Amino acid sequence: MSDLRTALANTIAAAGKIILGKEPQIRLALACLLARGHLLIEDLPGVGKTTLAHALAQLLGLEFSRIQFTSDLLPADIIGVSIYDRERAGFRFLPGPVFAHVVLADEINRATPKTQSALLEAMEERQVTAEGETRRLPDPFFVIATQNPSHQIGTFALPESQLDRFLMRIELGYPDRDAERSLLAGGNTRELLGRLQPTLSPADLQPLQQAAAKVHVAPALVDYVQALVGNTRLDPAFVHGLSPRAALALLAAARAWAFIDRREMVLPEDVQAVFPAVAAHRLNRVQGNGHASADDIGAIVRRTPLP
Amino acid sequence: MRRTRPKPAVEPLERACVPWLLACAVATGAPHVEHLPLWLSALAAATVGLRAWLWFRERPLPPRWQLALLVVAATIGIYFQYRTLFGRDAGVALLVLFMALKPLEMHGRRDAVVLVMLGFFLLLTHYFYSQSIPTGLWLVTAATLETATLIRIFGGHQPLPSIVRYAGLLLLQAAPFMLVLFLLFPRITGPLWGLPQDAYGGTSGLPDTIAPGTISNLVPNGSIAFRVRFEGAPPDNTNLYWRGPVMDEFDGQRWRPAQLGRLDPATIEARGGTVTYETTMEPHNQRWLLALDAPQAIPEQAFVSARLQAVAFEPVRLRSRYTFASSLDYRAGLSESRALLNASLHLPSQGNPRARALAASWKVRHADAQGIVAEALQMFSREQFTYTLQPPLLGDDPVDAFLFETKQGFCEHYASAFVFLMRAAGVPARVVAGYQGGELNPVDGYLVVRQSDAHAWAEIWRDGYGWQRVDPTAATAPSRIERGIASALPESEALPVMARLKLDWLRQLSYRWDAVNNTWNQWVLGYNPERQREVLSRLGLEDIDWRGMTALLAVLCAAALLGITLWTLSQRPRLDPVQRAWSRFCARAARLGVRRHPWEGPLDYANRIAALRPELGEIAATAATAYAEARYGGQGNNAVERLRAATRKLPYQWRPA
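Residue numbers (numbering that gives the first Met the number 0), protein chains in the order written: chain A, 0 to 306; chain B, 0 to 656.
No lab work stands behind these hints, which were simulated from the structure alone.
What you are looking at is a predicted structure, and each value in this text was computed from that prediction instead of being measured.
Note that the Cβ used here is the ideal one computed from N, Cα and C, for glycine as well.
Quick list of simulated restraints, FRET-style, between CB atoms: (1) B:T549 <-> A:P235: 39 to 45 Å; (2) A:P235 <-> B:A41: 38 to 44 Å; (3) B:W519 <-> A:Q225: 47 to 53 Å; (4) A:P235 <-> B:L49: 28 to 34 Å; (5) A:S292 <-> B:R571: 34 to 40 Å; (6) A:T128 <-> B:A15: 47 to 53 Å; (7) B:W519 <-> A:S242: 48 to 54 Å.
Could you put together the complete structure from these sequences and hints?
Here it is as structure tokens:
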């Protein structure tokens, strides 16, 4: 196990060389993967969303596919279609791009709700049903969806229930000055990606996920998670508080974070580290019609003393 | 180590709170408009309106020096209006002024809270003026609004119904405390803190002198003088003479009580027809208590005067209850003092010659007083005398003018003319003012006597019979005595609506409303020491005075507080050894200048210590790791010991290197 952990640390380091100055986001993405969740990245085009997804797939030795969502994309374009095979005199299923370990769903809010929900159902069930036949998706199955800020023209905002299926939502943001400078001075990212050597194999991922789920959670920490979640429910600034499912997601993400940090137990710090990514997209502000901001989340944390 | 105290930041006030606060200002201040000078009401309306406009337009508030100028000018105005800044009226005016100006200075949350608290205070002052049910309801509504505003200020945006519901819930939670305090708080007769002198102005009641017009001025006043509850059936209307001031000195225009020095109480010989009743007197700021003739048993705080009145030792300034027993058939003053009889014969040396001549002719014709009285009453009923509220003016010889020219008058004309005639004929006589009759409310069985029932009649003294009531009005307008004032006056004359209600359902409604008001008076406003004793004895607490009451209340409060404290303490989580060791570490580290935030995890805290006090970094890391293992880890092998050891290693005081 300690080799695997070392490999995990190497993965983060290697990814950090491709996506410069974004280590917290890389860690969050990895934690999301270890917690068997899906990731939503919300940011402007060109800040490295695709690169992050691609790099992770490459480093973990996983099969990668990318779906560019457009307004005319159909569910079959994602799941796949059955076509008539003249030689075999029968229908043959041509699996769609969703049959991959890491699926990058780019600009998911450009597609119609019908197409969006086809992907989101696949994410939830980890299987797809086409032409009456249910097909399991590969394991691991990790969706990284990106979305443009919803005020852009021609977008269909994801409904609440769909957002809930993403364990985390992160923002990449602009790189800082030094990181951008190295980016500009450095070589071609695509070329770097191609030369990237896997640090882990697909077979390693399952034991890692299992180990992450077993990180110890003390009663005192459960108290803290409950207090935190309870405060989101009492806060009049939000329409609803966090659901029990969100609380479970928070705990799973905190476990994965602690695991990446090479710890045997979850600390309040771990919960606080993943809290913005897990909670913000699940909390709707009463005013302004948007999701909770980083300030809101920080305020909740500061209002919740450790038990 | 010196830490600078951070400047208290002005917590900003949400823009959406302003309408709430303005509504508070209006709700608490507006009812005072009734008794404020017009200029102050206008100023208050203008400032609140200006604030609303500034809010609507999102304009900045006026600078402080302008506000200061306004406050000083208006305070001076109030001083010139009332010639003082103290007392009820000036004090209320000042409070209203502050309430109206504070919105213009509403920058932060603190100002808003000041305004709300001022509002709560202003609410109380309404009780100086009115304690009626509508006032109570209005104040409850305003208190709910104030509470809701506080919730809005501190609770952020919420839907209106939920704010109001929460405020109502809070007030409801306070209701049991209010009830217990209302029932048990020691009642001291009279107001607890002594109202200012001007608090008793504006009460109406019988005048202490009578001239033509003084009683008829009262008649358009429909307000209630007192209420009576009889034990058993109320007596006949013709017996309901409620005695007020007795006047035996006449100066040619006015009747007033003669100043005769000390007189013995009237001697009363009861002959039957005793009625027992309880009157609830509205404050009239006079000492007479308006008992039925003739009082037999009177309350402790009163005595029977030489003129048969029940007189209180102190003016009636609060609504009060008195229990009387009166004998309707009586002989009073059989051996009346010379002084009083002489006063009852005295007339001015001149004036009213025709009346004197008439009386003299009667005196010649009749040997006894009875004949003279009969002669006078016959004159009133035989000749064309009219009973009216609007008699013509009478001039220098009012009795002559009334008897021989105008022949129109109200009860005071009849009574004073009659007494004049009697005296001129040598019969001792006097004018009595009071109330006659009253209206029985069928809903609660109380007899309601209004100011419009004010009346004046006469008394004559006969040897062997004592003082006897003669009502000359009855000779002219018998229905006034038998059925009340409305039936005796012509339709065209102004009377309070209540006295002449014809609509049956409206009458019913007004009876019911009055019964509700009476219950409120009897049980809420009239909850005095006696009533409290009654309630307490029902609770099994006999014979407890207000000192005992205070002690009991203090013990109860202490017990309740102790109970709450013990409960809270028992609810406090017991700190386990790990937590205790950690809080000790945190306390020690805080003394060294790095205080742990309540939400801060151990490792973050250790990192912060290391950043701020690098020399402590190692100790902090050890302690934090040990604590994290013990608190959040699966098994803590002697982690507590390591934590304690690390704590011991911390220096006691931090000295800069």
